[in-house]
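Construct all of the structure, not just a fragment, from the sequences and the given hints.
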Amino acid sequence: MALLDPEPGKLRPLTTNGPAADRVADDRASGTPDALRNDLVRLLGERKVLHSVSDLVKYASDASPYRFVPRVVVIAESVGDVAAVLRYAHEHRREIVFRAAGTSLNGQAQGKDILVDVRRHWTGVEVLSGGAEARIGPGTTVGRVNVALARHGRLMGPDPASASACTVGGVVANNASGMTAGVTRNSYRLLSSLTLVLPSGTVVDTAAPDADDALRKAEPELCEGLLALKAEIESDGVLTARIRAKYELKNTNGYRLDAFLDGSTPVEILRGLMVGSQGTLGFIAETVFRTVSLDRLTHTALLFFPRLTDAAAAVPLFNAAGARAVELMDGNTLRACASVDGVPADWAEIPPQTAALLVEFRAADESAHQANRQAAADVLAKLTLVAPVASVTNRFVEDPATVRTYWHAREAFMTAVGKARPAGSTLITEDFAVPPSRLAEACQALSELQRGHGYEAAVAGHAAHGNLHFLLAFDAARPDEVRRYAAFMSEFCAMVVDRFDGSLKAEHATGRNMTPFLEAEWGRRATELMWQVKQLLDPAGVLAPGVVLNRDPEAHLQGLKTIPTIEAIADSCIECGFCEPVCPSRDLTTTPRQRIVLRREMMRQPLGSAVMDSLLESYGYDAVDTCAGDSTCQIACPVGIDTGAMMKRFRHQRHTAREERNAARVARRFSLVEASVRTALGVADHVSDRVLGSVTSAVRKAVSPDLVPEWLPGMPSPASTRMPETDRRTAVAVYYVACVNRIFAGPHGSDGPSLPEAIVEVSRRAGRPVWIPPDMAGSCCATIWHSKGYDAGNTLMANRIVERAWEWTDGGRLPLVVDASSCALGIGREVEPYLKPENRRRHQALTVVDSVVWAATELLPHLKVTDRIGSVVIHPTCSMRHLGDVEELRAVAQFVAQEVSVPVHAECCGFAGDRGLLHKELTEAATRHEAAEVTAREFDAHLSANRTCEIGMEHVTGRPYHSALLALERATRPPYER
Numbered sequence: 003m004a005l006l007d008p009e010p011g012k013l014r015p016l017t018t019n020g021p022a023a024d025r026v027a028d029d030r031a032s033g034t035p036d037a038l039r040n041d042l043v044r045l046l047g048e049r050k051v052l053h054s055v056s057d058l059v060k061y062a063s064d065a066s067p068y069r070f071v072p073r074v075v076v077i078a079e080s081v082g083d084v085a086a087v088l089r090y091a092h093e094h095r096r097e098i099v100f101r102a103a104g105t106s107l108n109g110q111a112q113g114k115d116i117l118v119d120v121r122r123h124w125t126g127v128e129v130l131s132g133g134a135e136a137r138i139g140p141g142t143t144v145g146r147v148n149v150a151l152a153r154h155g156r157l158m159g160p161d162p163a164s165a166s167a168c169t170v171g172g173v174v175a176n177n178a179s180g181m182t183a184g185v186t187r188n189s190y191r192l193l194s195s196l197t198l199v200l201p202s203g204t205v206v207d208t209a210a211p212d213a214d215d216a217l218r219k220a221e222p223e224l225c226e227g228l229l230a231l232k233a234e235i236e237s238d239g240v241l242t243a244r245i246r247a248k249y250e251l252k253n254t255n256g257y258r259l260d261a262f263l264d265g266s267t268p269v270e271i272l273r274g275l276m277v278g279s280q281g282t283l284g285f286i287a288e289t290v291f292r293t294v295s296l297d298r299l300t301h302t303a304l305l306f307f308p309r310l311t312d313a314a315a316a317v318p319l320f321n322a323a324g325a326r327a328v329e330l331m332d333g334n335t336l337r338a339c340a341s342v343d344g345v346p347a348d349w350a351e352i353p354p355q356t357a358a359l360l361v362e363f364r365a366a367d368e369s370a371h372q373a374n375r376q377a378a379a380d381v382l383a384k385l386t387l388v389a390p391v392a393s394v395t396n397r398f399v400e401d402p403a404t405v406r407t408y409w410h411a412r413e414a415f416m417t418a419v420g421k422a423r424p425a426g427s428t429l430i431t432e433d434f435a436v437p438p439s440r441l442a443e444a445c446q447a448l449s450e451l452q453r454g455h456g457y458e459a460a461v462a463g464h465a466a467h468g469n470l471h472f473l474l475a476f477d478a479a480r481p482d483e484v485r486r487y488a489a490f491m492s493e494f495c496a497m498v499v500d501r502f503d504g505s506l507k508a509e510h511a512t513g514r515n516m517t518p519f520l521e522a523e524w525g526r527r528a529t530e531l532m533w534q535v536k537q538l539l540d541p542a543g544v545l546a547p548g549v550v551l552n553r554d555p556e557a558h559l560q561g562l563k564t565i566p567t568i569e570a571i572a573d574s575c576i577e578c579g580f581c582e583p584v585c586p587s588r589d590l591t592t593t594p595r596q597r598i599v600l601r602r603e604m605m606r607q608p609l610g611s612a613v614m615d616s617l618l619e620s621y622g623y624d625a626v627d628t629c630a631g632d633s634t635c636q637i638a639c640p641v642g643i644d645t646g647a648m649m650k651r652f653r654h655q656r657h658t659a660r661e662e663r664n665a666a667r668v669a670r671r672f673s674l675v676e677a678s679v680r681t682a683l684g685v686a687d688h689v690s691d692r693v694l695g696s697v698t699s700a701v702r703k704a705v706s707p708d709l710v711p712e713w714l715p716g717m718p719s720p721a722s723t724r725m726p727e728t729d730r731r732t733a734v735a736v737y738y739v740a741c742v743n744r745i746f747a748g749p750h751g752s753d754g755p756s757l758p759e760a761i762v763e764v765s766r767r768a769g770r771p772v773w774i775p776p777d778m779a780g781s782c783c784a785t786i787w788h789s790k791g792y793d794a795g796n797t798l799m800a801n802r803i804v805e806r807a808w809e810w811t812d813g814g815r816l817p818l819v820v821d822a823s824s825c826a827l828g829i830g831r832e833v834e835p836y837l838k839p840e841n842r843r844r845h846q847a848l849t850v851v852d853s854v855v856w857a858a859t860e861l862l863p864h865l866k867v868t869d870r871i872g873s874v875v876i877h878p879t880c881s882m883r884h885l886g887d888v889e890e891l892r893a894v895a896q897f898v899a900q901e902v903s904v905p906v907h908a909e910c911c912g913f914a915g916d917r918g919l920l921h922k923e924l925t926e927a928a929t930r931h932e933a934a935e936v937t938a939r940e941f942d943a944h945l946s947a948n949r950t951c952e953i954g955m956e957h958v959t960g961r962p963y964h965s966a967l968l969a970l971e972r973a974t975r976p977p978y979e980r
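Residue 721 in my numbering sits at position 719 of the sequence shown; the count goes up by one each step and never skips.
The hints are simulated quantities; they were obtained by calculation from the structure and are not laboratory data.
It cannot be assumed that every hint is accurate.
[As the list claims (entries may be wrong)] Listed next, the in silico DSSO-like pairs over lysine-lysine satisfying Cα-Cα at most 27 angstroms (straight line): (1) K50 with K703; (2) K219 with K232; (3) K12 with K922; (4) K232 with K536; (5) K922 with K50; (6) K703 with K12; (7) K536 with K248; (8) K50 with K114; (9) K536 with K114; (10) K536 with K219; (11) K922 with K703; (12) K248 with K232.
This is the structure:
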């Protein structure tokens with residue numbers, strides 16, 4: 003351990019809920035058994051095998067109510083890796099489960115033996131035929147695919163509410179559909195081809211011209227068996243009719259037996275069977291999808307009804323009118339969504355018996371759009387609606403912001419209700435489908451059943467397709483609660499099957515919680531055929547045993563996870579995983595969900611357990627040190643859980659009193675620190691990067707890698723201490739030069755003005771002059787201390803900057819323009835909790851403006867481009883996402899350039915002030931995909947709005963990034979000044 007490394011024990015909980023019955027036992031404290039670990043390391047290499055108890059625990063939980071701790075985790079990088087692990091499992095009688103996003107709701111992505119991560123190295127989108135098709139890696143999220151396709155006016159057909167987090171491989175494996183897909187735009191209908199790895203290790207590309215010949219040669223018995231099953235099914239007219247009838251509704255329960263009716267060859271049958279197979283028949287290594295039209299013209303309403311049955315009765319009217327989406331939300335759902343960012347607060351007062359329909363019409367052209375407006379008005383005139391709270395309008399709208407709020411509330415259904423559940427309770431999510439004409443009856447029957455078992459449940463769903471979702475909360479640690487859940491499930495399944503002849507799983511796939519009821523829905527004959535399919539493709543039972551087929555009538559009651567109480571800021575987390583795609587450390591150490599999962603396991607343990615000690619040993623680096631603290635997880639989380647804030651609290655918890663005092667001294671003497679860093683950068687200009695890297699590396703090892711920065715090649719020179727001349731008397735705004743721009747100059751080799759000179763000049767040019775205060779030295783937005791959890795230093799600097807800003811802006815009369823987005827966020831929002839009462843009042847009167855917003859709103863209307871840039875790529879910072887001004891960055895870029903690109907994978911760069919200097923591996927991992935996009939072609943300029951983020955992006959791309967304001971000044975410079 004380095005001299006000043008924090009003690010792991012400082013993060014030990016003071017008390018725990020343990021020992022819990024489902025805790026990880028002490029005999030697993032050392033992680034993966036040596037023999038299994040050594041075998042897989044020899045087979046795949048050290049870096050592809052995760053084996054510590056921390057690794058195993060963080061993969062044990064997903065969005066479902068189940069929890070199974072694997073023996074080992076494999077990070078597969080190629081089809082060859084997957085095939086090798088499959089062969090190993092066959093030879094050693096082991097089991098394998100594939101996991102991508104872990105957003106499955108029924109435990110499909112969990113296993114007790116070998117778990118294979120197929121997200122990290124399986125991303126990529128190749129747009130084909132002008133957008134008509136797309137070749138997609140299975141680890142790519144639906145959201146990122148749609149970003150790429152939207153540029154061509156296209157989208158994927160499946161549109162689950164978890165689109166921002168769920169991966170295409172998971173969508174296909176579960177046949178997840180969503181709001182508009184129904185039974186015609188889902189994976190089964192739109193999947194053109196796929197590449198799959200069979201349990202035997204055989205690789206099949208269903209699009210290959212010789213695919214059937216190759217499969218027959220490699221797997222003759224499989225081909226014969228598939229054709230024999232096809233003949234058997236087709237010879238039974240009653241069974242054939244039953245299969246066709248079952249898929250007139252949304253249905254993901256069991257295997258797709260209609261694949262035998264729709265496919266004529268073994269490969270065609272396999273293509274259909276893999277859809278909805280939930281990782282039990284093979285691994286989907288690549289997909290090719292037919293896409294659907296984006297239909298950008300929308301007409302949307304959120305309509306409120308007196309009762310749930312009234313809302314359900316209106317659904318057929320909108321279906322007949324051609325609505326693309328008709329989504330149902332009951333009163334409990336609406337009330338819970340009041341906690342969602344942007345949703346009106348008065349929704350919390352909506353009466354429980356109220357219900358709402360979110361209705362959307364979509365059109366590709368103005369003629370169809372006008373027809374949709376008329377159709378919507380005609381239906382609206384027939385309805386009896388209510389306005390239970392003031393924010394309800396019951397009107398169709400086309401305002402994008404309002405429409406986004408409606409959809410955000412609907413998509414946050416599960417997490418919003420989960421946040422409102424009793425502390426310590428497990429959340430069960432069920433979905434089923436009935437004929438749409440019987441939706442109202444099904445809503446009534448479900449409500450009666452829930453009340454009969456004492457559940458205060460929430461209901462929502464894709465009403466247009468007769469597909470309902472509901473949530474139940476219970477304490478899985480209490481046997482009586484588990485028995486109550488079991489009794490409810492038995493009656494629920496009987497109701498859906500016997501009364502409605504519906505689907506027990508409409509789009510969430512069978513999973514572990516519906517396997518005991520599969521035969522009740524499908525009957526013995528069809529269910530036995532499914533067992534034959536499993537035996538034919540996976541005779542050794544290697545892949546995900548028990549996930550689709552299980553003869554244990556109580557399988558759904560095994561492995562239910564307890565939810566121990568943790569820190570209040572994250573205690574409401576339901577482990578949905580929506581936060582993971584935006585987390586900078588997702589491919590390096592842990593994600594926000596995993597940080598919470600690990601903390602919960604600590605709370606299951608007795609205080610002195612070996613597992614607790616092992617978890618704490620790795621938690622410091624894996625969870626706390628490599629958290630960027632950027633809180634983009636809070637943006638992605640539908641209920642705003644800020645795991646970054648929890649990690650900052652843990653950083654504070656690790657500090658000694660002496661460290662806190664020293665951090666406060668640095669804040670008091672920050673003007674000296676600024677000067678010292680500039681001096682050091684000036685000296686470094688005369689020393690080679692190799693020498694500086696060696697020196698800082700040695701000091702980091704001796705002191706602490708979380709305290710001593712690492713020298714990065716290409717670090718900028720010191721900024722000039724001389725600021726441009728400005729006049730306070732004529733200024734319309736105060737320009738605050740952030741400390742990062744007072745310390746660091748622009749990219750090496752860049753000519754022209756400094757950033758302060760550029761902003762002063764372009765503001766003058768636009769007739770909006772600014773004034774730079776002469777006493778900025780020693781001031782800062784306080785983010786340096788805030789991000790590290792140094793409360794005393796943070797409080798000192800937060801109050802200092804507000805007091806100075808109050809003076810500079812003449813008591814808030816002038817806006818304060820800040821030239822770094824993270825500093826604009828810091829001064830504008832993050833300092834507020836640390837202010838004295840008087841400074842809090844002053845802060846409320848300040849107008850803090852990011853310089854990019856200043857440019858977009860105040861300067862562009864008064865400027866003319868004289869030298870347009872050809873192509874630019876922009877990096878929106880995480881702070882800009884918090885501030886909501888990404889579009890302003892795009893606007894400035896579009897003003898100065900002919901072509902503007904935003905990488906599909908543009909997310910937080912992980913540099914996070916100086917965290918990228920302390921842990922450069924964080925930035926390198928966070929930007930891997932974005933850097934690949936940027937370096938795949940040449941751009942004339944690389945623009946952002948935060949100097950440290952620009953340094954980070956320069957490090958990973960080798961391209962010079964600079965502020966968009968520098969580009970704006972250059973592009974609008976009069977010809978005679980060039």
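How the hints compare with the structure:
1. For the proposed pair K50 and K703, the alpha carbon gap of about 26 angstroms is at most 27 angstroms, so the pair holds.
2. Of the supplied pair hints, the one linking K219 and K232 holds, its CA atoms being roughly 20 angstroms apart against a limit of 27 angstroms.
3. For the proposed pair K12 and K922, the alpha carbon gap of about 25 angstroms is at most 27 angstroms, so the pair holds.
4. Annotation: proposed proximity of K232 to K536 holds, straight-line Cα distance about 15 angstroms (limit 27 angstroms).
5. Distance check on the hinted pair: K922 and K50 sit about 21 angstroms apart at the alpha-carbon level, within 27 angstroms; holds.
6. The straight-line distance between the Cα atoms of K703 and K12 is roughly 21 angstroms, inside the 27 angstroms bound, and the hint therefore holds.
7. This hinted pair checks out: K536 and K248 have alpha carbons roughly 20 angstroms apart, not beyond 27 angstroms.
8. Among the hinted pairs, K50 with K114 is consistent with the structure: their alpha-carbon atoms are about 19 angstroms apart, no more than 27 angstroms.
9. Our distance criterion of 27 angstroms between C-alpha atoms is met by K536 and K114, whose separation comes to about 19 angstroms.
10. Between K536 and K219 the CA atoms are separated by roughly 21 angstroms; this keeps the pair inside 27 angstroms, and the hint holds.
11. Taken as a hint, the K922 and K703 pair is honoured in the structure, with Cα atoms around 15 angstroms apart against an allowance of 27 angstroms.
12. Using a Cα cut-off of 27 angstroms, the hinted pair K248 and K232 holds, with the two alpha carbons roughly 17 angstroms apart.
When held up to the earlier numbered hints, the structure conflicts with none and fits them all.
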